[in-house]
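Starting from the known structure of chain A, arrange chain B on it as the hints suggest.
Spelled out, the chains give:
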Amino acid sequence: MLKTPIYLDNNATTPLDPRVLEAMLPYFTEKFGNAASRNHPFGWAAEEGVDYAREQVAKLIGASEKEIIFTSGATESDNLAIKGVYEMYKEKGNHIITLTTEHKAVLDACKHLEKLGANITYLDVESDGLVDLNKLEAAFTDQTILVAMMYANNEIGVIQPVKQIAALAHKHGALYFTDAVQAVGKIPVNVIEDGIDLLALSAHKMYGPKGVGALYVRRKNPRVKVTSQMDGGGHERGMRSGTLNVPGIVGLGKACELAYNEMEEEAKRLSALRDKLESGLTVLEESYVNGNVEYRLPHTANISFKYVEGEGLMMAMKDMAVSSGSACTSASLEPSYVLKSLGLSDDLAHSSIRFGLGRFTTEEEVDFAIENTLKAVNHLRELSPLWEMFKEGIDLDSIEWAAH
Amino acid sequence: MAYSDKVIDHYSNPRNVGTLDKSKSSVGTGLVGAPECGDVMRLQIEVDENHMITDAKFKTFGCGSAIASSSLATEWLKGKSIDEALTIDNMDIVEELALPPVKIHCSVLAEDAIKSAINDYRVKNGMEAIELEKSHH
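Chains A and B are the protein sequences, given in the same order. Going letter by letter, the first sequence gives residues 1 to 404 in the working numbering. Going letter by letter, the second sequence gives residues 405 to 541 in the working numbering.
Next up, chain A with everything else stripped away, as it sits in the complex (with noise of 0.2 Å):
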């Protein structure tokens, strides 16, 4: 039987594994300790459950346990690295390189830099969201120290050229620093192989508990430094001060060891449901998928269905929890800046729907989705007068819209 309502917001964040929460438990009442505590084993109790998710973590992402530092999430990491860096490195030059599609987090962090005296460059990506590695290039300066751009995008799963980007910048004598929160876990992600000099992980986004992520910082070839945000007592190698979240570093663990034992089996098993959901919809006219369809993530698929709003096609899309790159609850009625960085008219962009399918999403959801989706489409274009225009031949754009 399909319970409902079903939930395909799996990019927005994960329901936790039972095998993870399973793993906390006890760090709540027995291993209470804190992991500082050296004197008591309720606090080896607890350092042992952090260096053992340190190494889980660590060896998902082919780094150094030593390089891993515990935070409340990827905003935290996001704001450590790139003002951390900044900081560390101001001295080297002041100019940062990032995308207009990156999460609020990154480009908030680069905002405020700007403020205290920061250049950076925010470079659009093309119509597809990748990177133009030659725009890239050609936006170096001898004061650059930083390319801060993300492994996969949140709404569309569309992967950047990580490899060919942490290249440039090392040529350039920059650090690269990449938000991989919707890639650790789902692909193959190797800080080695992959030229990472920095790299933000959130738990929640890879079925563990919210309020717990991760920075890897390298320490060798180069060695990084990042200077604290928050002053304290020196945890985290001086880099992150605070008592250490130990319950969710241990889920945080246990997830990423699930992925990393899982992860090739379950993308096959994702990327097909996609594939099927995908080609299920797109059979609807005037149907488009958002991002370059080859490098994305196995289980996102962001779909425009021209004439229909997204939030009201939500709404008629019962029993399913999607999102929309519409945002017609904002006082300003923008819609997705990601969707309007690849050049998508704002119509299009009110029009989309993400889907992000997930660990537990069952082949018999897909198929609810399908036809439910089918459904609510077709009915809010009966109730749309552009669907009736477009259907008469009534050329949109010619039409002096009262724009408000």
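Check the hints yourself; a few may be wrong.
Stated by the list, open to error - Taking CB as the label site, the calculated pair distances span:
#  : chain 1 : residue 1 : chain 2 : residue 2 : range
1  : A       : Ala12     : B       : Ser485    : 44 to 52 Å
2  : A       : Lys391    : B       : Glu440    : 28 to 36 Å
3  : A       : Lys115    : B       : Glu440    : 28 to 36 Å
4  : B       : Ser485    : A       : Ser127    : 51 to 59 Å
5  : B       : Ser416    : A       : Asn134    : 47 to 55 Å
6  : A       : Glu382    : B       : Asn529    : 27 to 35 Å
7  : A       : Arg223    : B       : Pro505    : 47 to 55 Å
8  : A       : Ser279    : B       : Ser485    : 48 to 56 Å
9  : B       : Gly422    : A       : Glu22     : 52 to 60 Å
10 : B       : Leu536    : A       : Ser127    : 53 to 61 Å
Claimed, not checked - In silico lysine to aspartate or glutamate, EDC-like type, Cα no more than 20 Å apart, as pairs:
#  : chain 1 : residue 1 : chain 2 : residue 2
11 : B       : Lys426    : A       : Glu388
12 : A       : Lys163    : A       : Asp128
13 : B       : Lys426    : A       : Glu392
Since the hints were derived computationally from the structure, they do not count as laboratory data. C-beta atoms are modelled at their ideal positions from N, C-alpha and C, and glycine is treated no differently.
For chain B alone, coordinates are given in the frame of chain A:
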């Protein structure tokens, strides 16, 4: 944010969806909003010789609240004279549908659509266009 029961009702069972023949002199058409803003409403009225609204139809591209606002507007228009129809205020719609602040623009759009349809009818039938209050958005 949860939708009110009334929004859900109008959204799930929209009243008076459809199209009237806009070439007829007895039909007034209002088309407001813009695709790039995420909502477009088309509201039409059919008016008899006594200036009474005998029929009203709509089609809307937009969120649930926009669809519900225009559906409600068509219900309210039927049986009113074109002068009475002008008294429909967007805040009446907000109240009836319990729209939250972020959705007030949907009701404003519905009011604009009503006025614009009435004006279209008036101009077609040799009456002066009434002045529209401009841009509360």
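Comparing the hints with the structure gives:
Between alanine 12 of chain A and serine 485 of chain B the Cβ separation comes to about 50 Å, which falls inside the hinted range of 44 to 52 Å. Between lysine 391 of chain A and glutamate 440 of chain B the CB atoms are about 20 Å apart, so this pair departs from the stated range of 28 to 36 Å. Between lysine 115 of chain A and glutamate 440 of chain B the C-beta distance comes to about 31 Å, which sits within the given range of 28 to 36 Å. Range check, serine 485 of chain B to serine 127 of chain A: about 52 Å between beta-carbon atoms, so the 51 to 59 Å window is met.
In this structure the hint that serine 416 of chain B and asparagine 134 of chain A lie 47 to 55 Å apart at CB holds, the actual value being about 51 Å. Restraint check, glutamate 382 of chain A to asparagine 529 of chain B: a C-beta distance of roughly 31 Å satisfies the suggested window 27 to 35 Å. Separation of arginine 223 of chain A from proline 505 of chain B is about 52 Å and conforms to the stated range, judged on CB atoms against 47 to 55 Å. Distance hint check for serine 279 of chain A and serine 485 of chain B: the Cβ-Cβ separation is about 53 Å, which falls inside the suggested range of 48 to 56 Å.
Distance hint check: the CB atoms of glycine 422 of chain B and glutamate 22 of chain A are about 57 Å apart, consistent with the given range 52 to 60 Å. In this structure, leucine 536 of chain B and serine 127 of chain A break the distance hint of 53 to 61 Å, their C-beta atoms being roughly 39 Å apart. This hinted pair checks out: lysine 426 of chain B and glutamate 388 of chain A have alpha carbons roughly 14 Å apart, not beyond 20 Å. Simply put, lysine 163 of chain A and aspartate 128 of chain A have alpha-carbon atoms about 18 Å apart, close enough for the 20 Å limit, and the pair holds.
For the hint pairing lysine 426 of chain B with glutamate 392 of chain A, the CA-to-CA distance comes to about 14 Å; that is within 20 Å, so the pair holds.
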